[in-house]
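Okay, here's what each chain looks like letter by letter:
There are 2 protein chains.
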Amino acid sequence: MVDTQGAEPMTYCLALRLDEGLFFMSDTRTNAGVDNVSTFRKLHVTKPAEGRVFVLQSAGNLATTHEVLDRLEGDLAGDGESLATVGRLFEAALYVGRLSREVVATHEARLGTAATATFIVGGQIAGERPEIFLVYPEGNYIRASDELPFLQIGEAKYGKFLLELAVRSNVDLATAAKIALSSMVSTARANVSVGPPYDAAVYLNGSFEVAEVRIDESSPYLAQLRDVWYTHLLDAIHHLPAIPPELSPS
Amino acid sequence: MVDTQGAEPMTYCLALRLDEGLFFMSDTRTNAGVDNVSTFRKLHVTKPAEGRVFVLQSAGNLATTHEVLDRLEGDLAGDGESLATVGRLFEAALYVGRLSREVVATHEARLGTAATATFIVGGQIAGERPEIFLVYPEGNYIRASDELPFLQIGEAKYGKFLLELAVRSNVDLATAAKIALSSMVSTARANVSVGPPYDAAVYLNGSFEVAEVRIDESSPYLAQLRDVWYTHLLDAIHHLPAIPPELSPS
Numbered sequence: 001m002v003d004t005q006g007a008e009p010m011t012y013c014l015a016l017r018l019d020e021g022l023f024f025m026s027d028t029r030t031n032a033g034v035d036n037v038s039t040f041r042k043l044h045v046t047k048p049a050e051g052r053v054f055v056l057q058s059a060g061n062l063a064t065t066h067e068v069l070d071r072l073e074g075d076l077a078g079d080g081e082s083l084a085t086v087g088r089l090f091e092a093a094l095y096v097g098r099l100s101r102e103v104v105a106t107h108e109a110r111l112g113t114a115a116t117a118t119f120i121v122g123g124q125i126a127g128e129r130p131e132i133f134l135v136y137p138e139g140n141y142i143r144a145s146d147e148l149p150f151l152q153i154g155e156a157k158y159g160k161f162l163l164e165l166a167v168r169s170n171v172d173l174a175t176a177a178k179i180a181l182s183s184m185v186s187t188a189r190a191n192v193s194v195g196p197p198y199d200a201a202v203y204l205n206g207s208f209e210v211a212e213v214r215i216d217e218s219s220p221y222l223a224q225l226r227d228v229w230y231t232h233l234l235d236a237i238h239h240l241p242a243i244p245p246e247l248s249p250s
Numbered sequence: 001m002v003d004t005q006g007a008e009p010m011t012y013c014l015a016l017r018l019d020e021g022l023f024f025m026s027d028t029r030t031n032a033g034v035d036n037v038s039t040f041r042k043l044h045v046t047k048p049a050e051g052r053v054f055v056l057q058s059a060g061n062l063a064t065t066h067e068v069l070d071r072l073e074g075d076l077a078g079d080g081e082s083l084a085t086v087g088r089l090f091e092a093a094l095y096v097g098r099l100s101r102e103v104v105a106t107h108e109a110r111l112g113t114a115a116t117a118t119f120i121v122g123g124q125i126a127g128e129r130p131e132i133f134l135v136y137p138e139g140n141y142i143r144a145s146d147e148l149p150f151l152q153i154g155e156a157k158y159g160k161f162l163l164e165l166a167v168r169s170n171v172d173l174a175t176a177a178k179i180a181l182s183s184m185v186s187t188a189r190a191n192v193s194v195g196p197p198y199d200a201a202v203y204l205n206g207s208f209e210v211a212e213v214r215i216d217e218s219s220p221y222l223a224q225l226r227d228v229w230y231t232h233l234l235d236a237i238h239h240l241p242a243i244p245p246e247l248s249p250s
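The listed protein sequences derive, respectively, from chains E and H.
Read left to right, the first sequence gives residues 1 to 250 (this note's numbering).
Read left to right, the second sequence gives residues 1 to 250 (this note's numbering).
In case anyone wonders, no lab produced these hints; they're calculated from the structure.
These figures come from a predicted structure and were not determined experimentally.
Where a beta carbon is used, it is the ideal one built from N, C-alpha and C, also for glycine.
Among these hints, one or two may not hold up.
[Stated by the list, open to error] Computed far set for chain E versus chain H, every beta-carbon distance over 12 Å:
1. Asp19
2. Lys47
3. Gly74
4. Asp75
5. Arg101
6. Glu131
[Unchecked claim] Here are some chain H residues pointing at chain E (derived, C-beta under 8 Å):
7. Phe40
8. Gly74
9. Lys178
10. Arg189
11. Leu225
12. Val228
13. His239
Only chain E is shown next, with the shape it has when bound in the complex (with noise of 0.2 Å):
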């Protein structure tokens, strides 16, 4: 029964945080069981009020994940604490992360550690810098390092390597973009669990504005994408130095 409900990470979610600004990319493949494969968006972005916006992505439990979804926006029609009324983003981070144990609560009898889910909870609050948050199903947060300033969620391991060669923070958003999409096409290639069509989302520091695109796995720019990618890694394998003969087994 667990199973079935998909315990297993399907699901790759990243978030950069550069100088420029904020970038993010999730695939829409889930899972509830091999009988029910399909895509769900994983990437949300919200404008709760003037000033501040968030983007959301999540991985985990898919039952889990609409819930906090519907409780966000649910409290932000009420009194309470809401992203409407969060502070600081931390704080926001925080909020995501006991709406997440609340829902877990409601069905972790039946279901155990299979109902948790881990969040990326990104964005700007006037006043303060933009900054991306993983916030664990325990609750609490984790922020980017300086040093490696992004964030994985989900099947994290296949498309890190190449993150963490190329991403820093003076790396400009068009580069980023296509970092981003490298690791998740190699992500994809490895794990059946990983899929197109892949959302994006771009936020300039300070603009409150977040701009998405989603990238179908029709698209000619995915295939010509892949294919530079696929062909230089093949190259640089061929330009590796020969083995020397005193390494070399004889």
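Starting from the structure of chain E, add chain H where the hints point.
Just chain H, lined up with the frame of chain E:
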């Protein structure tokens, strides 16, 4: 108690089955708790009799691995089943799987699943084609596929993409060595639990001789390979096509 023995994968081993022969590579980093990080050979060659040669690689609980290796050697001196007596390569895989289960059974009351280990068993028995097997902790095995003729154990995800992209059975052994080392280097960069020295073993079909080599952290070749690899990867990123205007969030 379980965590101190390193339940998480702390290893990366890969094996390739090529038209020319077999190629094996393992890192050497092990831990039994963060206070006990060390190096240990995870690639073992044994020629228990004429016309048969085996290469074993291990990932998982270090104590279980040690005990399996000791039992393997002990059995060679006995009258029962051993690597000297198994008739087929797949029987060697099943035999290693049985020893692995037996060792785990003596400790699992205290260690649970943290006591398990996974093996790659490769080699050749005269009259059979050379082969590589992945032996699960449960004692059963899989072969490498014909389309993607490689196996990985331990921290497999970071370096998988590269193998999927580049390893085909018609790749020559020298190129295979470069691909394997790049996969290893990429993994070691992404995960601190994988590190040099790296052990490699090469087997030419029908030779019944395994050539071994160790590549140390201080190896100028390793530094050069890392440098060329990283440079070409970054170069590949720069060659990626620019995101077209219709896909650029504006």
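Find the hints from earlier in the document that the structure breaks and name them by number, from lowest to highest.
7, 8
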